[in-house]
Amino acid sequence: MKRALLLAKRNAKEILRDPLNLCFGLGFPLVLLGLLTAIQANVPKELFPLDQLTPGIAVFGLSFMSLFSATLISRDRSSALLLRLYTTPLRPLDYILGYALPMVPIALAQSAITLLFGVILGLPWTPRLLLCLLTTVPVGWIFIGTGLLCGSLLTDKQVGGICGALLTNLTGWFAGIWFDVELVGGFFKTVSNILPFYHGVELGRAAYAGTLSSALSHLWVVLAWALGLLSVAVWAFLHQMRKN
Amino acid sequence: MNAIEIEGLTKRYGALTAVNGLRLTVRQGELFALLGVNGAGKTTTIKMLSCLTRPDGGDALLLGKSITREPEEVKKLLAVSPQETAVAPKLTVRENLELMAGISGADKAETKRRIEALSGQLGLQEVLTRPAGKLSGGWQRRLSIAMALILEPKILFLDEPTLGLDVLARSALWEVIRSLKGNMTIILTTHYMEEAEELSDRIGVMGAGHLLQVGTAAELEAATGTDSLEKAFIALAKEAAK
Numbered sequence: 000m001k002r003a004l005l006l007a008k009r010n011a012k013e014i015l016r017d018p019l020n021l022c023f024g025l026g027f028p029l030v031l032l033g034l035l036t037a038i039q040a041n042v043p044k045e046l047f048p049l050d051q052l053t054p055g056i057a058v059f060g061l062s063f064m065s066l067f068s069a070t071l072i073s074r075d076r077s078s079a080l081l082l083r084l085y086t087t088p089l090r091p092l093d094y095i096l097g098y099a100l101p102m103v104p105i106a107l108a109q110s111a112i113t114l115l116f117g118v119i120l121g122l123p124w125t126p127r128l129l130l131c132l133l134t135t136v137p138v139g140w141i142f143i144g145t146g147l148l149c150g151s152l153l154t155d156k157q158v159g160g161i162c163g164a165l166l167t168n169l170t171g172w173f174a175g176i177w178f179d180v181e182l183v184g185g186f187f188k189t190v191s192n193i194l195p196f197y198h199g200v201e202l203g204r205a206a207y208a209g210t211l212s213s214a215l216s217h218l219w220v221v222l223a224w225a226l227g228l229l230s231v232a233v234w235a236f237l238h239q240m241r242k243n
Numbered sequence: 000m001n002a003i004e005i006e007g008l009t010k011r012y013g014a015l016t017a018v019n020g021l022r023l024t025v026r027q028g029e030l031f032a033l034l035g036v037n038g039a040g041k042t043t044t045i046k047m048l049s050c051l052t053r054p055d056g057g058d059a060l061l062l063g064k065s066i067t068r069e070p071e072e073v074k075k076l077l078a079v080s081p082q083e084t085a086v087a088p089k090l091t092v093r094e095n096l097e098l099m100a101g102i103s104g105a106d107k108a109e110t111k112r113r114i115e116a117l118s119g120q121l122g123l124q125e126v127l128t129r130p131a132g133k134l135s136g137g138w139q140r141r142l143s144i145a146m147a148l149i150l151e152p153k154i155l156f157l158d159e160p161t162l163g164l165d166v167l168a169r170s171a172l173w174e175v176i177r178s179l180k181g182n183m184t185i186i187l188t189t190h191y192m193e194e195a196e197e198l199s200d201r202i203g204v205m206g207a208g209h210l211l212q213v214g215t216a217a218e219l220e221a222a223t224g225t226d227s228l229e230k231a232f233i234a235l236a237k238e239a240a241k
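In order, the protein sequences belong to chains A and B. Residue numbers for the first sequence follow numbering that gives the first Met the number 0, beginning at 0 and rising by one. Residue numbers for the second sequence follow numbering that gives the first Met the number 0, beginning at 0 and rising by one.
You may find that some hints are simply not true.
Keeping only pairs whose Cα atoms sit at most 20 angstroms apart, straight-line, the calculated PhoX-like set for lysine-lysine is [stated by the list, open to error]: (1) B/Lys-230 / B/Lys-241; (2) A/Lys-156 / B/Lys-153; (3) A/Lys-8 / B/Lys-89; (4) A/Lys-1 / B/Lys-133; (5) A/Lys-8 / B/Lys-111; (6) B/Lys-133 / B/Lys-89; (7) B/Lys-75 / B/Lys-153; (8) B/Lys-89 / A/Lys-12.
Source of the hints: derived by calculation from the structure; they are not laboratory data.
Here chain B stands alone, though its shape is the one from the complex (with noise of 0.2 angstroms):
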């Protein structure tokens, strides 16, 4: 079974159709990028996917639950780690963890070992009892990603999880979303091209509500007759403006 599989969503806000007929298929344990500059439709389809807007067409099956009609049970599924770094200011960062583990149904016992392995896969020790308002911001979408990842969602949504970061926070936080690879299906925003060659399996690329094409960075490279991910992407960009 593949992770999700989108046939015709489409999401129109008054008379603008932010995505229009988005057909795609992500592989279970893919890494995927969506690339578009703003207004491509990138959120409106993870808020589609992640139940929080309904499509006015068109359906997506997570893990063969549909968005439209299993809302609750593909919920279940997913967790998001949103641009913004949403966290709770003035609960320590293990509160926050307690948090989101308790929503997810996990008990006591179940959450404690949940943290346990989170502070070290994702190296949170030092700053458990810290106030999550007052990390810095490479710590703070840390946590984000770590709120997320105590669901133990098979579906992980990260959306412009660097955005704003310094090369060293970002370099770190890179690390870990290559520790997660394989381990869910992962489906990632950004505007960096590099973080999209670097971290994901394949790239769609959208524009105009429109998915321009899907392929590894080298084939997007290849279907424009370009030498770098980058070119390929405005390539396609302009063409989809025009």
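Next comes chain A alone, as it looks inside the complex (with noise of 0.2 angstroms):
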């Protein structure tokens, strides 16, 4: 574990000393929620309401950390840095401990930054807002492990346009941040429902909301995701470390 530990440390500041991970990953989910408020406050309909809107910047927000973990470790694996860690005494759990434990604090901190910068643009304050942090734990564990994947199986070229691009689309289109999912309706909303993002945003938004029931129909899907992408991921993990 202590080993774990150390090479979690290492990501953690190879992660936070890239300014561009904290311009893309803080910065603009921020402007974004800044943006669209001061849209809102001059239209007379209401287009972004911050308790819909803000839960939903959350999770959007959570989406670059597939992109920071999955940089990580295909850039460790390119520069031979985690062939040479192979030759040490880590064992196989302190590589999948040593990646995915240093984004759970980050992916936090984002979230709660996020969430309190809706309060300071008028989001009301409410216990529940504590819930709605604790709830993106695991939605962030559905990035993290999408991260894990990516970079065990891509080049960084190749997790700059999954995870930078196509990730972040998916997550901003599909789950139904800025719009209603049930007003597009048809292919888009099954498509919607069958993806991980749409129900982490919807489960924030219950449980800000304080509807129990709704919350709990989201995070089984959520768990279920985050569970099935985790296990792909370490078995993506283990086969490139082997075939190394």
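Dock the two chains into a complex; use the hints.
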């Protein structure tokens, strides 16, 4: 465990010392939240109510966790740092924990800042906001698992395309953050219901609204996706480890 | 006890036999250079010896420990400085060294002692607080070797340590490698004949997965009837390609 924590500490430093990570991971969701709230202030119709928008933007921000984590792993593979570590007494579990664990506090901090910014913009403060924050943990694992999976299988250039462009777009479009998925309906709604992003956002919204039954129905989907993705990611990481 | 005893080591990738029945003994404290053209089997041999790849046949004992039966024990004896620089770019030089020392099980006091000793030996004091990713290629290679040395290995694998370096950086790194001689067993793979001749006690020439010839530079020249290591190497490589 001590060795896993050493690797986790190193990985956290690598991510937090990259100014681009801070810009995209933290800055971009906040800018988006501020911008959409400013638009809302100038239109008479309620387009982006803060109690709906803020949990959504928090989930959107989490999609950057995949990019951070996958980029780090794929770069460690291409620079042979992982190869060097494979010759040390580190065990497979140490690698998995070393790459996954630092993402948890980073994701939690990012979500907390986003929710706090929502409060600053006018989102009413209630203790349920803490419950909403807690719901970002299982949602965060979906993105952490995706990062581990992509980092294990893809090159750092491919990671930029898949996690940086595709995943953030999928989250943005199919999570129902800025428009109601029910209104679009059809195929779009079906895909949204299959993918985990919509459920992640609805879970956060339900937690904030205090509708427990609704929250639970989305929580199971989120947990199933998180568990599935993490299982596949662990398999992929160990597979590439053996291949080396 | 010998540092390395290789007996019939074999590795196949599909129809290709990358290393074929390798037999070799390396003494403790020896610097042994492995020469060979691309695809000769050098890197695969190193990967098997450092427990990165499992052999399909044969075995090797590193200070009496089997790479097939006791890989975890073998890993405690060795360190690898890969062909790529293999450093954590956003970490400072000191943090890179602390990471590797910690992974080897050293506590804070021991880590500090090792870093001070290594910094003096490799001249790293002036760059200890700089991010590794901002260092020049030569300094990164030096750090890469330091990250292997901080594990205090009994056997050190240096895979193409001076690849792509300019003459001055290469010369500086040769000094570092010379200073390590005798303290540990070193296996060096290189494409540079002068590097092998300058640094090693013995040289093994690999070709098509086989160990073609082993000896000092003079012995290889005598065996091939040539007057330089480069000519001896070319003669052996051509023979292997037939």
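Going down the list of hints, with the structure as the test:
1. For the hint pairing B/Lys-230 with B/Lys-241, the CA-to-CA distance comes to about 17 angstroms; that is within 20 angstroms, so the pair holds.
2. Between A/Lys-156 and B/Lys-153, the direct Cα distance comes to roughly 38 angstroms. Violation of the 20 angstroms bound is thereby established for this hinted pair.
3. Only pairs whose Cα atoms come within 20 angstroms are accepted, and A/Lys-8 paired with B/Lys-89 is accepted, the gap being roughly 12 angstroms.
4. A C-alpha spacing of about 29 angstroms is found between A/Lys-1 and B/Lys-133, which places the hinted pair above 20 angstroms, so the restraint is violated.
5. Distance check on the hinted pair: A/Lys-8 and B/Lys-111 sit about 18 angstroms apart at the alpha-carbon level, within 20 angstroms; holds.
6. For the given pair, B/Lys-133 sits about 9 angstroms from B/Lys-89 by alpha-carbon distance, which is consistent with the 20 angstroms threshold.
7. The straight-line distance between the Cα atoms of B/Lys-75 and B/Lys-153 is roughly 9 angstroms, inside the 20 angstroms bound, and the hint therefore holds.
8. Proximity of B/Lys-89 to A/Lys-12 is assessed by CA-CA distance (about 7 angstroms); at most 20 angstroms being required, the pair is judged to hold.
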